[in-house]
Amino acid sequence: MAEEKKKKSKIKPNRVNMPKQTPEERVRNFDEVALGFTEKLAMEEASRCLQCKKPKCREGCPVEVRIPEFIGLIADGNFKEAAKVMKDKNALPAVCGRVCPQEEQCEKLCIVGVKHEPVSIGRLERFIADWEASQDTLEYPKIAESTEKKVAIVGAGPAGLTVAADLVVKGHDITIFEALHEPGGVLIYGIPEFRLPKAIVKREMDYVQKLGVKVKYDFVVGKTRTIASLLEEYDVIFIGTGAGLPWFLDIPGENLNGVFSANEYLTRVNLMKGYLFPDYNTPIKRPRRVLTFGGGNVAMDCARTALRLGSDESHIVYRRSKKELPARGEEVENAEEEGVIFDFLTNPIKLVGDENGWLKGAECLKMELGEPDASGRRRPVPIEGSEFFMEADAAVCAIGNSPNPLIPRTTPGLKIGRKGNIEIEPETGKTSMERIWAGGDVATGTATVIMAMGAGRVAARSMHEYLSGGEQENDIYVKQ
Amino acid sequence: MEYKIIERRMIVPNIHELVVEAEDVAKSVQPGQFIILRPDDKGERIPLSVSDYNPELGTVTAFFIEVGESTSLLALLKPGDTIPTFVGPLGLPTDIENFGTVVCVGGCFGIGSIYPIARALKEAGNTVHVLLEARSQYLIYWKERYEELVDSVFTITRDGTMGYPGHISLLPDILKEKNIKPDRFIVNGCTFLLNRTSDVTRASGVKTIVNMNPIMIDGTGMCGVCRLTVDGETKFACVDGPDFDGHLVDWDEFRQRRLTYYDEETAPLRKSGTGTEYHCKLIR
Ligand SMILES: Cc1cc2nc3c(=O)[nH]c(=O)nc-3n(C[C@H](O)[C@H](O)[C@H](O)COP(=O)(O)OP(=O)(O)OC[C@H]3O[C@@H](n4cnc5c(N)ncnc54)[C@H](O)[C@@H]3O)c2cc1C
Ligand code: SF4
Ligand code: FES
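If you read the protein sequences in the order shown, they are chains B and D. Residues 1 to 480 in our numbering are what the first sequence spells out, letter by letter. Residues 1001 to 1284 in our numbering are what the second sequence spells out, letter by letter.
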């Protein structure tokens, strides 16, 4: 007891700051905002961890990274071992360290966080992944002898890539079919360079390909070939096609020029590199005043992209209050620092155009928070007579996506849920059809990278079990 | 990925025929569908209607007009070169059944893309008439191919150098003169032709199917840039189309949306001093 007390009194209450580009500097480039810990800063932050006997943080991690263990190794300067501990549970730490909502997961449960700022688990994860990548000594796992079983994976997003990496080491023959011309799913077309450099996604992809995974790009399953036709050639199929169908607000004026879905806006910039137009040929608008509707990560990404494309004013228009913003805390903070203007409790009801069909602005209503709804958040209700006009020459709808219907429409027999999601058995990832598994956003609707990876891992285990016709070691445990 | 160019030639001024080796597409494509390609690693994704295909050889043919930076890169391709992206078939195929008598209208690149449609309609037992429309006789191609295939072929040129002189607005009169009573029109080509043909067939009430060509990126329903309003509802041309009922399309909105990147797209061309005289209705 006395000792515990002594230990606690020594806690450093504040986190070690992670160096970032200054807001003034970064709104003028697309380079990564956060620069990452140096070795010294990482060791200093790692030493804030109490090395709890019953670590709470680990319960918050969807893939159960052995958090105190890797942090302890960082504190001791044993980076190599720390990286190993990390990779053991998480195949994409460089990505997760950057995009996981840590404040809702591991860091939320950190004991230090009860009284002080929690240990920066995500930043340490990112540090150790980047450290390993800089070492040029990437270790590859041993690949089991060939089983001659053929696996088709549809979609090269986090879910599909996880399945591919997990199954290739078991000796199966893996082919990924990807509709776009690059791998990564949302990591490549959605999340911007300044938050997740594409070189990192590429590094992870190269790794998966070096393990022997084959990738067929420009291949739209349901169009180029159907699931039924793939089933003739492959023993099993995993569908990880994400949630790529954009929602619009369903208000008048949505098809005006200057109104974009978040997917279009971000794809032009990220996948097609429109910000380098005309060196790259995909054009992008550089409007003056941009309204982004929504409050999640996607909305933050759009609003911050608009600033970097040179807009004078970039607004987030969100119908609830700051407290309800679903985006990662760090990204909201970054957006604020960069000068994104937040218009809370505001809801667009009509988009207004000029005589040539170009957007002029949005008619909006002021909202107030009422009773909590099914999601537990207080429901926004319009304040009568509060209409007002917000001028804008571009608007981006970042209010959500649902699963793409291409495969459901062309795969009779596949059970589809009310929201267009493929129905699966959560413990195994099995769909209603024999030899077909699914997971990630296509099953859950838009969630997170780590949840998609977790789902991939669950499915991979069940698929391997099926392919090897029997028992299976239980080394990788994933919580649902 | 790499896709080999088998052939690329200018078939009439500014319109090029492109034959690409893409086995998966060649095996699954159907009339009315399209592909998306990129000329090089920095190129944009360009949608093109499929004009022919050979599953045995694994080749796909498409026509494109040289109108901007990206298509001028395509125009430089030689047999044996490769392009990094060629994905398809995208969109829903054109509805083919025995309708009775069908008039297929093709202009510009649509002279090519209506070919597999006419062929399939013939195979389904229809009486098929093909109307080719162009500014002048030298912009008409594949006429002989059609003559071998369908019941009759006629042409309208604005300068009167081939067939009927004038505009697509002559269509009802021509049909009356020839005593053709169509059960359906199918139109492929530039927005202007699709729109005008729908206008002139409206009074007859005969169903008029138009193969739409909005701006696109992914072609799989992911970005929504290809949206248009049909009968008051928003549709994504790449997954719900590209064929729609021309009498139900909101044409003003559609033409407007096509112009979104007009300034950006033509800027490089203006700079290099080429293409300024050529005003294509596809963009305008
Ligand atoms: C802008 C943005 C920001 C985000 N920010 C965060 C964040 O900070 N943190 C976080 O945890 N999560 C974030 N997310 C959510 C996260 O990216 C997703 O939950 C995750 O990527 C889902 O992975 P997935 O593998 O299920 O699908 P996806 O990443 O969507 O990948 C699906 C892949 O399948 C391909 N595909 C689709 N249909 C077909 C077909 N018919 N044939 C072949 N291929 C097909 C697609 O092209 C794509 O490559 C963000 C999402 C967006 C859009
Ligand atoms: S994977 Fe995500 S939740 Fe788990 S420790 Fe890392 S940052 Fe935290
Ligand atoms: S082209 Fe992107 S949704 Fe149609």
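Bear in mind the hints are in silico, worked out from the structure with no lab data behind them. Check each hint, because a few of them may be wrong.
[Said to hold, decoys possible] Heads up, simulated DSSO-like pairs for lysine-lysine below, C-alpha to C-alpha not over 27 Å straight-line: (1) D:LYS1181 / B:LYS214; (2) D:LYS1027 / B:LYS210; (3) D:LYS1004 / B:LYS216; (4) B:LYS20 / B:LYS53; (5) B:LYS360 / D:LYS1042; (6) D:LYS1143 / B:LYS216; (7) B:LYS210 / D:LYS1004; (8) D:LYS1078 / B:LYS202; (9) D:LYS1078 / B:LYS216; (10) B:LYS210 / B:LYS80; (11) B:LYS285 / D:LYS1078; (12) B:LYS89 / B:LYS53; (13) D:LYS1027 / B:LYS214; (14) D:LYS1235 / B:LYS419; (15) B:LYS150 / D:LYS1042; (16) D:LYS1042 / B:LYS202; (17) B:LYS214 / D:LYS1176; (18) B:LYS285 / D:LYS1027; (19) B:LYS415 / D:LYS1122; (20) D:LYS1027 / B:LYS216; (21) B:LYS273 / D:LYS1004.
It should be emphasised that the depicted structure is a prediction, and the values quoted were computed from it without experimental measurement.
Outcome of the hint check:
About 54 Å separates the Cα atoms of LYS1181 of chain D and LYS214 of chain B, which puts this hinted pair outside 27 Å; it is violated. A hinted pair counts as satisfied when its Cα atoms are at most 27 Å apart, and LYS1027 of chain D with LYS210 of chain B does not qualify at roughly 30 Å. Between LYS1004 of chain D and LYS216 of chain B the alpha-carbon distance is near 16 Å, which keeps this suggested pair within the 27 Å criterion. For the hint linking LYS20 of chain B to LYS53 of chain B, the alpha-carbon distance of about 33 Å lies beyond 27 Å, and the restraint is violated.
Note on LYS360 of chain B and LYS1042 of chain D: the hinted pairing is violated, with a Cα-Cα distance of about 32 Å set against a maximum of 27 Å. Distance hint between LYS1143 of chain D and LYS216 of chain B is unfulfilled; the C-alpha atoms sit about 38 Å from each other, more than 27 Å. Restraint check for LYS210 of chain B and LYS1004 of chain D: the C-alpha separation of about 26 Å stays at or below 27 Å, so the hint holds. Of the pairs offered as hints, the one joining LYS1078 of chain D and LYS202 of chain B is violated, with about 31 Å between alpha carbons and a cut-off of 27 Å exceeded.
Proximity of LYS1078 of chain D to LYS216 of chain B is assessed by CA-CA distance (about 25 Å); at most 27 Å being required, the pair is judged to hold. Only pairs whose Cα atoms come within 27 Å are accepted, and LYS210 of chain B paired with LYS80 of chain B is accepted, the gap being roughly 21 Å. Among the hinted pairs, LYS285 of chain B with LYS1078 of chain D is inconsistent with the structure: their alpha-carbon atoms are about 33 Å apart, more than 27 Å. With a C-alpha separation of about 20 Å, the suggested pairing of LYS89 of chain B with LYS53 of chain B holds against the 27 Å cut-off.
Restraint check for LYS1027 of chain D and LYS214 of chain B: the C-alpha separation of about 21 Å stays at or below 27 Å, so the hint holds. Only pairs whose Cα atoms come within 27 Å are accepted, and LYS1235 of chain D paired with LYS419 of chain B is accepted, the gap being roughly 18 Å. With a C-alpha separation of about 34 Å, the suggested pairing of LYS150 of chain B with LYS1042 of chain D is violated against the 27 Å cut-off. Note on LYS1042 of chain D and LYS202 of chain B: the hinted pairing holds, with a Cα-Cα distance of about 17 Å set against a maximum of 27 Å.
A distance of roughly 59 Å separates the Cα atoms of LYS214 of chain B and LYS1176 of chain D; the hinted pair therefore is violated under the 27 Å criterion. Of the pairs offered as hints, the one joining LYS285 of chain B and LYS1027 of chain D is violated, with about 38 Å between alpha carbons and a cut-off of 27 Å exceeded. Straight-line distance between C-alpha atoms of LYS415 of chain B and LYS1122 of chain D comes to about 38 Å, which puts the hinted pair past the 27 Å bound. For the given pair, LYS1027 of chain D sits about 16 Å from LYS216 of chain B by alpha-carbon distance, which is consistent with the 27 Å threshold.
Annotation: proposed proximity of LYS273 of chain B to LYS1004 of chain D holds, straight-line Cα distance about 25 Å (limit 27 Å).
Taken one by one, the earlier hints fail for this structure at numbers 1, 2, 4, 5, 6, 8, 11, 15, 17, 18, 19, listed in ascending order.
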